[in-house]
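K.L.:
Letter by letter, the chains look like this.
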Amino acid sequence: MNHTSALAGEEGYNFAFLDEQTKRMIRRAILKAVAIPGHQIPFGSREMPLSYGWGTGGIQLTAAVIGRDDTLKVIDQGADDTTNAVSIRGFFRRMTGVRTTERTDEATVVQTRHRIPETPLSEGQIIVYQVPIPEPLRWLEPRESETRKMHGLAEYGAMHVKLYEDIVRYGRIETAYDYPVLVNGRYLMRPSPIPKFDNPKMDRMPALQLFGAGREKRIYAVPPYTEVKSLDFEDHPFEVERWEQSCALCGSNDSFLDEIVTDDQGGHAFVCSDTDYCTRRRAAGHEGEGMPEGYLQPSEAAEVLHHPPSALRAPSPSGGRDSDLPPEGEGGAQRRKGDASSGTAFRAGLRP
Amino acid sequence: MSEQAVLEVRGLTRRFGLRTAVRDVAFELWPGEVLGIVGESGSGKTTLLNCIGGRLPADHGSVMYRTAAGYSVDMLALPEAERRKLLRTEWGFVHQNPRDGLRLDVSAGGNVGERLMALGHRHYGRLRQAAVDWLEHVEIETARVDDPPRAFSGGMQQRLQIARNLVTHPRVVLMDEPTGGLDVSVQARLLDLLRRLVREIGVSAVIVTHDLGVARLLADRLLVMKGGEVVEGGLTDRLLDDPHHPYTQLLVSSALSV
Chain W
1 MNHTSALAGE
11 EGYNFAFLDE
21 QTKRMIRRAI
31 LKAVAIPGHQ
41 IPFGSREMPL
51 SYGWGTGGIQ
61 LTAAVIGRDD
71 TLKVIDQGAD
81 DTTNAVSIRG
91 FFRRMTGVRT
101 TERTDEATVV
111 QTRHRIPETP
121 LSEGQIIVYQ
131 VPIPEPLRWL
141 EPRESETRKM
151 HGLAEYGAMH
161 VKLYEDIVRY
171 GRIETAYDYP
181 VLVNGRYLMR
191 PSPIPKFDNP
201 KMDRMPALQL
211 FGAGREKRIY
221 AVPPYTEVKS
231 LDFEDHPFEV
241 ERWEQSCALC
251 GSNDSFLDEI
261 VTDDQGGHAF
271 VCSDTDYCTR
281 RRAAGHEGEG
291 MPEGYLQPSE
301 AAEVLHHPPS
311 ALRAPSPSGG
321 RDSDLPPEGE
331 GGAQRRKGDA
341 SSGTAFRAGL
351 RP
Chain D
1 MSEQAVLEVR
11 GLTRRFGLRT
21 AVRDVAFELW
31 PGEVLGIVGE
41 SGSGKTTLLN
51 CIGGRLPADH
61 GSVMYRTAAG
71 YSVDMLALPE
81 AERRKLLRTE
91 WGFVHQNPRD
101 GLRLDVSAGG
111 NVGERLMALG
121 HRHYGRLRQA
131 AVDWLEHVEI
141 ETARVDDPPR
151 AFSGGMQQRL
161 QIARNLVTHP
171 RVVLMDEPTG
181 GLDVSVQARL
191 LDLLRRLVRE
201 IGVSAVIVTH
211 DLGVARLLAD
221 RLLVMKGGEV
231 VEGGLTDRLL
241 DDPHHPYTQL
251 LVSSALSV
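Which chain is which? The protein sequence lines are W and D, in order.
Take the first sequence: its position 261, counting from 1, is numbered 261 in our numbering, and each next residue is one higher.
Take the second sequence: its position 153, counting from 1, is numbered 153 in our numbering, and each next residue is one higher.
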């Protein structure tokens, strides 16, 4: 494999930013991680052109596994067009020249922060999670030497103390994200801060799951079709979040919903957190109750954002209160700039 | 006695650099017996206890323990996984400072239940009931089962620590100055409780203390340590009423009597 010279997307850089030695080092760590499901493997995490906490672990994993034939999808909180997703996708487009997509089923590599796509992943796909803190026992035991010993001896009873405390305080297990799981009946693992809604998707997933923590310098993995069990009590079994509402845009009532504040009068609406899933459902003819009156509809938002600043006043996105808009030249220019880089105006309008 | 000793310590030695903290200590602990280890501070009592309890590696010697299953193992030579398993099921360790032995941010119930959860108990209702029962045993109001120990008084914390250790019905409990730092009335209550629990559960215990009064009340047998060595041993009443070794005589005569 020799990706030097003209194959790279950006002149002066190796394909996918990292040099080949570093990629090999990361791949070796990935192989170990796959061989021992759920076990954290230390690796020589590199400085990336991104601050810690923004996905330096995930970005290194993606760089190490991505090839020229891959199609990349990047999501942040389920959405393809949030800051983190847009900048990481842009980074790889420049550094590799590979095709990027928003469609889950088209992607071969999915890098994610805080969600697993609603569309089931299939064999041959890789999902890369960005992990802030890889150690599930950190809450109970601050000493790294001791947590390693606990992992080594599979002494995980203390983890249930945390869940016990939840029930004591709230009457049920309140841990809603980063919900601890036992992988392959052996290693306790933090699934990164995904909502526990996504935990069942990890169990026996046909795709390869890779987890990277850049600051903490750890890689771990769940190979395809591996058992991933969420911890619970016999009389307080594991259960996922449910909503009384359905998505205001696509009407879905089995996907993870975000609550969106729509005005300053207490108005709010629930929409799918997975934008790709929501968009495709709407394309297939599904429809929800719609956003509250006066709220920017997706098509309008696109229109607004494609017009020059002076035209921003016309459709009046904030329900007729023009004065709420930022002054021209500042806000207007920023909006159009954001549009140019993200390509999808709708979410930008939806979440100011 | 036809019974076999539950614990047999042989030639236990621990050095810190050139200093020998514990030299060639040997004793036996019989089922249901409470053994007191007395001596002034710096005499190696706590180091001895830590070596037996596996909290400090010993340089020489063996700690033969007869398990509940009936076979004999050397705690110091056992693979770490098995040793730690025995330590949290068949052994208990009560620290002088309850803060070392408790999770202060976790409710009293969680503290008591932790050992059970480590053993694989996964039923919240039963875990909580076990905690309530044990709080009753150690005379803590059961209404406080959900309060964190940081909200408890020193005496309550100490009693909670004892409950946390006894919940798995251990066979050997090591106690390091369990009454240290408590005022006398609380001490008396704790001593009563310990005496009752030790008799009820039939646990064998090693209690390290510098307080001869505590030793007299609790221990069946005493070892006197000085400079890392056991200088005298025997039945508590015999030893305290008729000390032979000059150091023991000094120790007994220095004890205040009101």
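Hints were generated in silico from the structure; no laboratory data involved.
Accuracy of the hints is not assured; some may be wrong.
[What the hints assert, rightly or not] Below are the SDA-like pairs computed for lysine to any residue, each with C-alpha atoms no more than 20 Å apart in a straight line:
hint	chain 1	residue 1	chain 2	residue 2
1	W	Lys149	D	Val132
2	W	Lys217	W	Ala158
3	D	Lys85	W	Phe238
4	W	Lys229	D	Ala118
5	D	Lys85	W	Leu153
6	W	Lys162	D	Ala151
7	W	Lys162	D	Val132
8	W	Lys149	D	Thr89
9	W	Lys217	W	Pro49
10	W	Lys149	D	Leu76
11	D	Lys85	D	Gly125
12	W	Lys229	D	Arg122
13	W	Lys217	W	Arg28
14	W	Lys217	W	Lys162
15	W	Lys162	D	Leu78
16	W	Lys196	W	Glu259
17	W	Lys149	D	Leu87
18	W	Lys162	D	Arg88
19	W	Lys149	D	Leu78
20	D	Lys85	W	Lys217
K.L.:
Determine for every hint whether it applies to the structure shown.
P.N.:
Here is what the structure says about each hint:
no.	hint	result
1	W:Lys149 x D:Val132	violated (31 Å)
2	W:Lys217 x W:Ala158	violated (25 Å)
3	D:Lys85 x W:Phe238	violated (28 Å)
4	W:Lys229 x D:Ala118	holds (17 Å)
5	D:Lys85 x W:Leu153	holds (9 Å)
6	W:Lys162 x D:Ala151	holds (19 Å)
7	W:Lys162 x D:Val132	holds (18 Å)
8	W:Lys149 x D:Thr89	holds (18 Å)
9	W:Lys217 x W:Pro49	holds (16 Å)
10	W:Lys149 x D:Leu76	holds (18 Å)
11	D:Lys85 x D:Gly125	violated (24 Å)
12	W:Lys229 x D:Arg122	holds (14 Å)
13	W:Lys217 x W:Arg28	holds (14 Å)
14	W:Lys217 x W:Lys162	violated (25 Å)
15	W:Lys162 x D:Leu78	violated (30 Å)
16	W:Lys196 x W:Glu259	holds (17 Å)
17	W:Lys149 x D:Leu87	holds (15 Å)
18	W:Lys162 x D:Arg88	holds (19 Å)
19	W:Lys149 x D:Leu78	holds (16 Å)
20	D:Lys85 x W:Lys217	violated (31 Å)
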